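Chains as they are written, first to last, in numbering that gives the first Met the number 0: chain S, 0 to 207; chain B, 0 to 207.
In short, the hints are calculated from the structure, not lab data.
For clarity, every value in this text was computed on a predicted model and none was experimentally measured.
There could be a bad hint or two in this list.
If several chains are the same, the list does not tell them apart, and a pair holds so long as it fits within one copy or across any two.
Calculated cross-link-like contacts (lysine-lysine; reagent style BS3-like; alpha-carbon spacing at most 27 angstroms) [unchecked claim]:
#1 K40 with K140
#2 K92 with K40
#3 K40 with K8
#4 K133 with K25
#5 K135 with K25
#6 K40 with K165
One letter stands for each residue in the lines below.
2 protein chains.
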Amino acid sequence: MTTDQFSSKLLENAVNEFARLPGIGKKTALRLVLALLRLDKEEVENFGNTFIELKRNIHYCKSCNNISDSDMCNICSNPARDHKTICVVENIKDVMAVENTHQYHGIYHVLGGIISPMDGIGPDDIEIDLLESKVKNNGIKEIIMALSTTMEGDTTNFYLFKKFSKYPLQMTTIARGVSIGDELEYADEITLGRSIINRTPMDDILSI
Amino acid sequence: MTTDQFSSKLLENAVNEFARLPGIGKKTALRLVLALLRLDKEEVENFGNTFIELKRNIHYCKSCNNISDSDMCNICSNPARDHKTICVVENIKDVMAVENTHQYHGIYHVLGGIISPMDGIGPDDIEIDLLESKVKNNGIKEIIMALSTTMEGDTTNFYLFKKFSKYPLQMTTIARGVSIGDELEYADEITLGRSIINRTPMDDILSI
């Protein structure tokens, strides 16, 4: 689409603003802008101001680096959570994914990335110091690494495992194995191999 | 996703605002909000204010019903366009699609919908009066119906053809036929049948 097609400069600006977001092309952007135009004036003002307010007032939790409304997120400030267990994740979407399981009651640490030499992301580019200060000062008993099961995730797992080996704590990673609901014949051989090596006693499964 | 998953109310509000747009689910909305958070504060303010400004200042062209920055869009106010030929389209996206062909030099009329009894949209729900007043007062010579080739499009074509039959003008529709680049064996039989009935002299094609 060339710019001269737009009958309105205001419309063009609005389309360009949407189109700068990842995964939104010009056609989708136009569709979204036309949908916005069908809303009331108040609703559109609310739409626009929500993002401005978010950017102005957002905090990152001083303890876990998660997005928060104040200096301490509602997970870190919850006394009912186990503050001796840290689940290390790449980003806030992963916090939500783990929370959604309702199987974890400790606190989190959001790295804000994973080590990826291909993308030029090294250990200094992710939030490790904050994690180490927690490990050092708060008597952490277990760190659960919940990163993607990719080369980058494994590199980060290995780096942190080495770095924290001097502290008296247990380091674990989330289990790798065949997804629940998967047909065995379609599982790849590395996953299937892993799931045989790390086989689970039957009574562990049956007690869930 | 349940609401208790969000670690921040501001974040949740922003996600919900995106998710009210058509085709944007909660997961996509979260991805977009996180992308917005990576922008500068000024860029986010600009993002939000663009939509507020659009809604506050947008006009609809008094002549053709197209979206415009003023009372008259830049197509209707262009003296170089042929003001005796009107291309009737459903919405402003169709204006852009026709403009993009660079094959049309007349003016437009945006109906703002097509007659669709199934959806309860009748002739009174679309902008026909404005079109008729142009036909009556401006000595229009040709109306080109450029609607979707669906039942609703054909119904609207037929309704307007009947309505304007009392005026001394020519009414045409855009050609229906096999798309350029299509393999003949995959064309449906109705389209192919139409394209045989409305076959074009070879010299018309070769002169383009």
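Evaluated hints:
1. In the homo-oligomer, the alpha carbons of K40 and K140 never lie at most 27 angstroms apart, since the shortest distance is 53 angstroms inside one protomer and 39 angstroms across protomers.
2. In this homomeric assembly, K92 and K40 come within 27 angstroms of each other (Cα to Cα) only across copies, at 22 angstroms, whereas the closest approach inside a single copy is 32 angstroms.
3. Taking the shortest alpha-carbon separations for K40 and K8, both the intra-copy value of 19 angstroms and the inter-copy value of 23 angstroms come in at or below 27 angstroms.
4. Proximity of K133 to K25 under the C-alpha cut-off of 27 angstroms is found in neither arrangement, the shortest distances being 45 angstroms within a copy and 32 angstroms between copies.
5. Taking identical chains as interchangeable, the C-alpha atoms of K135 and K25 are never at most 27 angstroms apart, the minima being 50 angstroms within one chain and 38 angstroms between chains.
6. Taking identical chains as interchangeable, the C-alpha atoms of K40 and K165 are never at most 27 angstroms apart, the minima being 60 angstroms within one chain and 41 angstroms between chains.
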